[in-house]
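Residue numbers (my numbering), protein chains in the order written: chain A, 426 to 1160; chain B, 153 to 385; chain C, 83 to 166.
It should be emphasised that the hints constitute simulated quantities derived from the structure, not laboratory data.
Hints may contain errors.
For the chain A half of the interface with chain C, some residues (derived, Cβ under 8 Å), not all of them [claimed, not checked]:
(1) G640
(2) D669
(3) F671
(4) T672
(5) R725
(6) E726
(7) T730
(8) S739
Mimicking SDA-like on lysine to any residue, the simulated pairs with C-alpha atoms at most 20 Å apart in a straight line are [what the hints assert, rightly or not]:
(9) C:K122 with B:L209
(10) A:K833 with A:I563
(11) A:K872 with B:L177
(12) C:K146 with A:H570
(13) C:K146 with A:R569
(14) A:K1131 with A:A1065
(15) A:K843 with B:R265
(16) A:K872 with B:L361
(17) B:K304 with B:V315
(18) C:K146 with A:M568
(19) C:K122 with B:R261
(20) A:K1140 with A:D1128
(21) A:K843 with B:L263
(22) C:K122 with B:E296
(23) A:K872 with B:L263
In this text, a Cβ means the ideal position worked out from N, Cα and C, and glycines have one as well.
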Amino acid sequence: MSRAAEPTVDLAAAEAQGLTQEEFENLCHILGRDPNHTELGIASALWSEHCSYKSSKAYLREFPTQGAHVLQGPGENAGVVELGHGWVAVFKMESHNHPSYIEPYQGAATGVGGILRDIFTMGARPIALMNALRFGSIDAPRMRHLVDGVVRGIGDYGNCMGVPTIGGETDFHPSFNGNILVNAFALGVARRDSILRARASGPGNPILYVGSRTGRDGIHGATMASESFDADSEEKLPTVQVGDPFTEKILLEACLQALKSGAVVALQDMGAAGLTSSSFEMASRGRTGLVLNLDKVPRREPGLTPWEIMLSESQERMVLVAQRGKEDVLRHVFERWGLEVETIGEVTATGRAVIRDQGKVVADLPIRPLTDGAPVYRRPALEPAGLAERQTKAKVPDPGDPAKALTKMLDTPELGSKSWIWQQYDHTVRTNTVRGPGGDAAVVALKGTPLGIAMTCDVNPVYCYLDPRTGAMQAVAEAVRNLACVGAEPLGVSDCLNFGNPENPEVSWQFRESVRGISEACRALDVPVISGNVSFYNETEGESIHPTPAISMAGVLPDLTNLPATGFVEAKDQVILLGVDHGEHGGSAYMRLLHGVEQGLPPAVDLAAEGSLAALLRYLAFDGALRSAHDVSTGGLGVALAEACFEHGLGADLKLPVDPVGFFSETQARAVISVTPKAVDGVLAEAERRGVPALVVGAVGGDSLKLNLDGTKSKIQVAELHSVWSTALPRALEL
Amino acid sequence: MKCGVVVFPGSNCDHDVYHVLKHLLNVETVFLWHDDADLKGSDLVVLPGGFSYGDYLRAGAMAGLSPIVDEVRRHAEAGGLVLGICNGFQILLEMGLLPGAMRRNLGQRFLCRDVHLEVVRDDLAFTSQYSVGQILRMPVAHAEGNYFDTPKNLDALEKNRQVVFRYCDPGGGPDDPNGSERGIAGICNRDGNVFGLMPHPERCSEELLGNVDGLALFSSVMKSAAAAMEVEA
Amino acid sequence: MKARVTIYPRPEVLDPQGKAVHQALTRVGFDGVNSVRVGKSFDIELKTRSQPLAMKQLEAMCDKLLANRVMEVYEIEILGKAGK
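Chain A on its own, in the form it takes in the complex:
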């Protein structure tokens, strides 16, 4: 079959593939000649924002990435932290925003598939999934369709894989009308000595291709994720990547089995920019070179060009480096699972990637000059126009009857129960789920040890919009607090930084400020960043999303015997409020949802106070003193108390040190706990010793939430509140 003439390579062609003039000239300089069409495709994928982190790398260096528990920080497929008893946790969060907006079901499904591969390529078995979803207003065009598709996509993929989806968060805000966010998190566990790093080493070792065949799926997906949406986006659609969770499930089992054989040197999944990025990354980390024979790559359709094969983003594919002479051991394992295996090349010592097709060299590129020589930009940053106005304190109207206002707030998709979503996710498979979705942090047991692993993901994009640095700090602080509510010590953060177009100086400023906020909070609270992902260009027709630096955090519990509940457990237990209110309503749910105002400074973050509160909660949990613990966050004390009542349908009679406005204030570093009457004195003494303000505000009991707010009395049946809260989301979705 004769092939059409190669397209010419010039500046226009380079620009069409996403390179700037300067980048193109730099590429020609590195090569000492003009690249050919295939080489240009490879280089522009490697230098895309998505693969190279060119606009973020300089800032991400500010993150603290070291710690006593850290075995592997950023730079591998996922980070690794020590759990104890010889076990490690491997985790990462990643975005799949652009594909999910175009085709929500497949976009979200393949997002889950991708993050799971990142975990098992490290030699760990995935044991938990979470996801952080941001949708636009529920009434925005296509939004119900997007919600439905994303939720089904996540569910169908994770459910089939048999990995429980045990937590996450879902929010609705008009800033996401044109760019929804789908951030998927996965955590796996492995024995400490079985962690594998994706480094191609040992010249002469064969490179194997395993899994699904290659088609034209998602070609230049990495470039798409590096551009904003505009009116022509529909025209530029690459072939949609279709997820095949069944193939991924057998790929997972086969890979873990293959790793046990000791014949695998390195394993890497083909994610964004497919074979290009996987092979270059492995060789770059291993400081080696490689030869690939594209004729050997299994294909789904005829007529694929080298350019297409190198850039295809077909799912459920892996490359692995085998020990020379042991290919047959691996081949046997994969074939037993019914997977296709091909030897497609070998590791060399040349430091170059030589790609052959039909007997000819179609690309010959130096590896490290391209991976390490990727451009790095410190884009101009500028405080957004109108920031001062945005941060001006707004007048906070009196809510009237606090119980009525609370009911109204809970009757929104934002604050209503998300059970409609998480009941579509298998959250009990693997029989480790000790705390499933709906609480502050999810907890899984680690079989064969007394340990528990807790995880959460948090961020409030409205806070970040009003003040990105404080908002980012708040996300870290809230994650630490959520883990502390189940008694878990935080081990590490994986961040997923979702922003608009970094070439816009205001977005660049938001990004820089957010990274600094995360760094500051992580340093103060002693939680290193061990992995993460950046998603830029979340912008439609020039409108950026609210900055959304999502923080996922995992922690460890020394044992699970005294695990506190989220909500009230038994009548007569005493309710104690930890922390004090400062009347903060900038970006509060009360102001946004009931009054349509998104203005003021977000709640201040006092990292020292957060640290003391978290330490106190962990101490009390370990000590067995805590019956329940729930942090105060979005919606303030009002929403926190309502949620505490819902778990067992128990009411409470409470005299709170806040007025009806303060009932909804979102001051940080607070939690509502319940303890047995006998434990009260000890808890108060411990709080005082640690400098955490603590106040007994009443007792659990009855079937109503009875409130006395600085003299204003109000009462509501828990069942009534619960019925509004539990049906708010399906009603908003018009199901």
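Please build the complex by placing chains B and C on the supplied structure of chain A, with the hints as guidance.
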């Protein structure tokens, strides 16, 4: 007593059942590979939950063609115990070892939550540790658990006392989370040695998980096996 | 007017279901199969008796609801007049 847990490509509750049998009940338990026509001398064969072959055609349809399936059938016909949980139940239906078929859930969505079950039979090898009328709490996790058969066949099923578990509300009143005909959650064959159910007893067999209602199902099997051995002896 | 609308994954899109069915067919001995694509079909009865109008309506239905145009293609077949 020896238990075998069949592993189809796409099974994902295989380890969960294995854990209960092997680690919680200390029974000799092995995995049985779908491609090997060998039950390795198992007295109880468990078809676990999951998505065998991705459930891409119909849930359980392609697993029903695996080489091991003929052995499972022979085992069942000889009176051996076969337990199908969730996808395993669907496979038993596709194999014809149990009557009826599964439709998509009435809500058209995957459903993962706790349900309540009324025990209808307590005289089976699988249920001797329960008592008729007892209300159990168990998790379900499936998209196709909406049990269907013709009214005539359903009448026969009831007449032959093949309904083992029925969905109910916490108080025992009628409830039907997925639209199943007559609230059917689990059925057995006429001889009572083949049992399929949609809920997951293996997911509620440990204190740590806050619910042990499922453990009695497995311990029932152990008890009846022990009794059978005594008789033989 | 009666019509049958058949919807398939676009040829270049991976069809995991078709792939799995193909493998299952091979496993039970049908080794003469080259490929399988799994689609779905809708039998639709329309009020109109005009074929061009029916085609127009059906195309609109496919574009708007029945097919996911990002990844599926459709074929429309007019089966004849309703009520016969």
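In rising order, the numbers of the hints this structure does not comply with: 7, 23
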